[in-house]
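What follows is each chain in one-letter form.
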Amino acid sequence: DTEVTQTPKHLVMGMTNKKSLKCEQHMGHRAMYWYKQKAKKPPELMFVYSYEKLSINESVPSRFSPECPNSSLLNLHLHALQPEDSALYLCASSQDLRGFSNSPLHFGNGTRLTVT
Amino acid sequence: AQSVAQPEDQVNVAEGNPLTVKCTYSVSGNPYLFWYVQYPNRGLQFLLKYITGDNLVKGSYGFEAEFNKSQTSFHLKKPSALVSDSALYFCAVRDMEGSGNTGKLIFGQGTTLQVKP
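Chains as they are written, first to last, in this note's numbering: chain A, 1 to 116; chain B, 117 to 233.
Extracted from the complex, chain B is given alone in its bound form:
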């Protein structure tokens, strides 16, 4: 079965420091991976997606993600955190089992990022 894991419920960083939010996945076949961010009382906003062949993917708001096939990871990174980056982050993989692309996403449990001034 396909799955996504976010091992940390919460990540705390100081403003200006680099941040990493971890995600590992388990899929059969090519992984279609995504990162989303959710601010309080809002929907999920798409940040970035894995593109086959690019191990470092750049996304919105200065975020990037590093794909590592051998470690089956897709960690979200940012070189310098902002207080406004504080939010709930979800990693997701497209569910491609069975009849192919049904549109379903498998989400990780989410990681709350807290950036302190």
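With the rest of the complex left out, here is chain A:
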């Protein structure tokens, strides 16, 4: 079983809804990530947090809003999404980015999002 927990597992939302995805890890990792994955494609990086601060935003549309309330939690707030945003959203964590270049990412099982 994964040590990164994501909720909910499935989410269906309309284009006018507001929803949030949640991610939690208790491995003491200080870097956390959001990825978007389409079927049978590699994951695409969206955001990276390091020590609860946003360090990378891969030009993600503002309808996706990340939040890192503490070192164990990562949220992704969703608003006014489009049908093409339907995908598997994966959270991941890893050790401190400084000096841990070979530290692997640990992924959750994802939230399957469908936008109608």
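No lab work stands behind these hints, which were simulated from the structure alone. The reader is advised that the hints may include incorrect statements.
Claimed, not checked - Below are the DSS-like pairs computed for lysine-lysine, each with C-alpha atoms no more than 30 Å apart in a straight line:
hint, chain 1, residue 1, chain 2, residue 2
1, A, Lys41, B, Lys220
2, B, Lys174, A, Lys19
3, A, Lys41, B, Lys174
What the hints assert, rightly or not - Some residues of chain A that are not near chain B, with every Cβ distance over 10 Å (derived):
hint, residue
4, Val12
5, Met15
6, Pro61
7, Asn75
8, Gln82
9, Ser101
10, Asn109
Nothing here was measured: the structure is a model prediction, and the numbers come from that model. Positions of the beta carbon are idealized from the N, C-alpha and C atoms, including for glycine.
For this one, chain A is given, so just place chain B on it according to the hints.
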């Protein structure tokens, strides 16, 4: 620019036979290489990583990877395939360009492994 290539979209092997999933990379500096596996409706699971100086790296579930610096390859191998190994496999390299370790991984396009009984 750094990149990773997985030249095969799909690999088919018979159960009990050895398997190889290919990966080549292009980086400046030391390569930080990883293999992940993804089963249907699951996240990515870490299999193994390259450790500097070890040309043969052993990982989870009996998998290993052979690092070849001259061929810039990091092929995933297993001596005897199981039907349960059927999944999507990703090779990845840490993006170290610019300001060093940003946490970013560059993924290959993925290879579907099909093991038939």
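Results of checking the hints against the structure:
1. Lys41(A) x Lys220(B): OK: Lys41(A) and Lys220(B) at ~17 Å, within 30 Å.
2. Lys174(B) x Lys19(A): violated (42 Å)
3. Lys41(A) x Lys174(B): holds (26 Å)
4. Val12: About 16 Å separates Val12(A) from the closest Cβ of chain B, which puts it past 10 Å; holds.
5. Met15: holds (25 Å)
6. Pro61: Pro61(A) is indeed farther than 10 Å from all Cβ atoms of chain B, at 19 Å.
7. Asn75: Asn75(A) clear of chain B: closest Cβ-Cβ about 17 Å, beyond 10 Å.
8. Gln82: Since the minimum Cβ distance to chain B is about 23 Å, Gln82(A) lies beyond 10 Å and the statement holds.
9. Ser101: violated (5 Å)
10. Asn109: About 5 Å separates Asn109(A) from the closest Cβ of chain B, which leaves it inside 10 Å; violated.
Going down the numbered hints, you'll see the structure goes against 2, 9 and 10, while the others check out.
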